[in-house]
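Take the sequences, apply the hints, and build the full model.
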Amino acid sequence: MSKNSKVLNLKDKINGNEVDLSLCNLTEVPVRELALFTKATVVDLSCNNITSLPPEFCNLTHLVKVDLSKNQLTCLPDDLGNLTSLQHLDLYNNKLTVLPVSFSQLRSLKWCDLKDNPLEAELAKAAGDCLDEKQCKQCASKVLQHMRELQDEVDRAREKRLLREKGLERKREVKQKDREAKEKEARKREKAEEKEKRRKEYNAQKAAMAATEQQKKKNEEKKKKNGLAADKKAAEKTAPKPRRSLIGLVFKLLLLLLTGLAGVAAACRLTDLKKEAMCVPVNVAVDDGLSWAKEQEGVVRQLVQNLSSAAKEFLESTQASKN
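Residue 1 is where the sequence shown starts when you use the UniProt record's numbering, and the numbers rise one by one after that.
Heads up, a few of these hints could be off.
[Unchecked claim] In silico EDC-like links for lysine to aspartate or glutamate, alpha-carbon gap of 20 Å or less:
no. : residue 1 : residue 2
1   : Lys182    : Glu193
2   : Lys11     : Glu33
3   : Lys115    : Asp129
4   : Lys65     : Asp78
5   : Lys137    : Asp116
6   : Lys115    : Asp44
7   : Lys125    : Glu149
8   : Lys142    : Asp178
9   : Lys206    : Glu196
10  : Lys70     : Asp132
11  : Lys65     : Glu18
12  : Lys223    : Glu213
13  : Lys224    : Glu196
14  : Lys195    : Glu185
15  : Lys95     : Asp129
16  : Lys142    : Asp129
17  : Lys195    : Glu213
18  : Lys142    : Asp116
19  : Lys125    : Glu153
20  : Lys166    : Asp178
21  : Lys197    : Glu185
22  : Lys39     : Glu18
23  : Lys110    : Glu153
24  : Lys142    : Glu122
25  : Lys95     : Glu120
26  : Lys95     : Asp44
27  : Lys206    : Glu190
28  : Lys142    : Glu153
29  : Lys191    : Glu173
[To be verified] Just the calculated beta-carbon pair ranges, DEER-fashion:
no. : residue 1 : residue 2 : range
30  : Gly128    : Arg179    : 56 to 66 Å
31  : Ala124    : Ser22     : 22 to 32 Å
32  : Asn25     : Ala124    : 25 to 35 Å
33  : Ala310    : Ala285    : 17 to 27 Å
34  : Arg172    : Glu120    : 32 to 42 Å
35  : Lys217    : Glu193    : 30 to 40 Å
36  : Lys223    : Ala320    : 22 to 32 Å
Hints in this document: simulated from the structure, not taken from any laboratory.
Here a beta-carbon is modelled for each residue, glycine too, at the ideal position from N, C-alpha and C.
And the structure:
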């Protein structure tokens, strides 16, 4: 069956403001077609095989009276409370156990029949028997009251849940802030420690450089002092050296010459060489010398004394040079 044929058949079912779709063997509600006829405020869907109402059914806010009796409904849509114009709702002989919490928002509801449904105990008690018009009106009033109480409980539970979630969120925020504050403090402390470490290293390097520079200056001063002392000592030692060395050399040569002469004289005088021709002049010279020496005994003594003094001075100078 096409959409146009459904619309055509639905038009055939309309009588004034009423739409009679009972005994049509429907398994679902033709919501789109009903939405096209906003003047049809009374809908009879009884005696069909409808198991559920689609969420779009709650958009038919023009409905005033709905008969869903003798179907297979097991539940109603959560947004049923959107049908704010609904005054009459017949749910007789279905398979409902509960009603949606939004049922409490049907403020215009004046009549309701919930007989022959496997309702929960509290809901069944509120619904009553619904055996006549009066009881069905009481059913609407009491069920609305019951559902409002459930709505209040749901609201309180939701509020508690929201408060609990907010409390948990606040705790999480506090923990997060504490953690961030601790991390910030730790980073600040690490930076301060790093800065202090760098400062100490800088001061240590500076102190080491200063100590090196000071030691360098001390070494230079020490070298300078040692150089001056060495120069002074060298000057003191080297100044008289040439004269001492010259005197010593002359003395040594003179001593060597005298020793040689004495040796030659002794050889020519005391050995068999005295008969040799080479010793004759020597012996003559020795004899002449001895004669002259006797004559110049005083001069010789003075000469010997001078030689002794010179020898003594030479020895002392030699000993001092060795030390």
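Cross-check of the supplied hints:
1. Of the supplied pair hints, the one linking Lys182 and Glu193 holds, its CA atoms being roughly 16 Å apart against a limit of 20 Å.
2. With a C-alpha separation of about 9 Å, the suggested pair Lys11 and Glu33 falls inside the 20 Å cut-off, and the hint holds.
3. With a CA separation close to 6 Å, the supplied pair Lys115 and Asp129 stays within the 20 Å bound.
4. A hinted pair counts as satisfied when its Cα atoms are at most 20 Å apart, and Lys65 with Asp78 qualifies at roughly 19 Å.
5. Distance hint between Lys137 and Asp116 is fulfilled; the C-alpha atoms sit about 17 Å from each other, no more than 20 Å.
6. Distance check on the hinted pair: Lys115 and Asp44 sit about 18 Å apart at the alpha-carbon level, within 20 Å; holds.
7. Our distance criterion of 20 Å between C-alpha atoms is met by Lys125 and Glu149, whose separation comes to about 14 Å.
8. Restraint check: the Cα-Cα separation between Lys142 and Asp178 comes to about 52 Å, which exceeds 20 Å; the hinted pair is violated.
9. Restraint check for Lys206 and Glu196: the C-alpha separation of about 15 Å stays at or below 20 Å, so the hint holds.
10. Using a Cα cut-off of 20 Å, the hinted pair Lys70 and Asp132 holds, with the two alpha carbons roughly 17 Å apart.
11. Proposed proximity of Lys65 and Glu18 is supported: the alpha carbons are some 9 Å apart, at most 20 Å.
12. For the hint pairing Lys223 with Glu213, the CA-to-CA distance comes to about 15 Å; that is within 20 Å, so the pair holds.
13. Between the alpha carbons of Lys224 and Glu196 the distance comes to roughly 41 Å, so the proposed pair goes past 20 Å and is violated.
14. Restraint check for Lys195 and Glu185: satisfied, since their Cα atoms lie roughly 15 Å apart, inside the 20 Å limit.
15. Taking the CA atoms of Lys95 and Asp129, the gap is about 16 Å. The hint holds against a cut of 20 Å.
16. Taken as a hint, the Lys142 and Asp129 pair is honoured in the structure, with Cα atoms around 12 Å apart against an allowance of 20 Å.
17. For a cut-off of 20 Å, the pair hint linking Lys195 to Glu213 is broken: about 27 Å separates their Cα positions.
18. Taking the CA atoms of Lys142 and Asp116, the gap is about 17 Å. The hint holds against a cut of 20 Å.
19. Between Lys125 and Glu153, the direct Cα distance comes to roughly 18 Å. Compliance with the 20 Å bound is thereby established for this hinted pair.
20. Of the pairs offered as hints, the one joining Lys166 and Asp178 holds, with about 18 Å between alpha carbons and a cut-off of 20 Å not exceeded.
21. At roughly 18 Å between alpha-carbon atoms, Lys197 and Glu185 fall within 20 Å of each other, so this suggested pair holds.
22. The straight-line distance between the Cα atoms of Lys39 and Glu18 is roughly 9 Å, inside the 20 Å bound, and the hint therefore holds.
23. A threshold of 20 Å between alpha carbons decides the hint, and for Lys110 with Glu153 the separation of about 23 Å lies outside it, so the pair is violated.
24. Taking the CA atoms of Lys142 and Glu122, the gap is about 11 Å. The hint holds against a cut of 20 Å.
25. This hinted pair checks out: Lys95 and Glu120 have alpha carbons roughly 11 Å apart, not beyond 20 Å.
26. The straight-line distance between the Cα atoms of Lys95 and Asp44 is roughly 18 Å, inside the 20 Å bound, and the hint therefore holds.
27. At most 20 Å may separate the alpha-carbon atoms for a hinted pair to count; Lys206 and Glu190 exceed this at roughly 24 Å.
28. For a cut-off of 20 Å, the pair hint linking Lys142 to Glu153 stands: about 16 Å separates their Cα positions.
29. Simply put, Lys191 and Glu173 have alpha-carbon atoms about 26 Å apart, too far for the 20 Å limit, and the pair is violated.
30. A C-beta distance of roughly 59 Å is found between Gly128 and Arg179, which places it inside the suggested range of 56 to 66 Å.
31. In this structure the hint that Ala124 and Ser22 lie 22 to 32 Å apart at CB holds, the actual value being about 26 Å.
32. In this structure, Asn25 and Ala124 meet the distance hint of 25 to 35 Å, their C-beta atoms being roughly 30 Å apart.
33. Taken as a hint, the range 17 to 27 Å holds for the pair Ala310 and Ala285, whose Cβ atoms sit roughly 24 Å apart.
34. Our hint of 32 to 42 Å for Arg172 and Glu120 holds, since their Cβ atoms are close to 38 Å apart.
35. One distance hint, 30 to 40 Å for the beta-carbon pair Lys217 and Glu193, holds here, with the actual separation near 36 Å.
36. Range check, Lys223 to Ala320: about 28 Å between beta-carbon atoms, so the 22 to 32 Å window is met.
Of the numbered hints stated above, those contradicted by the structure are hints 8, 13, 17, 23, 27, 29, listed in ascending order.
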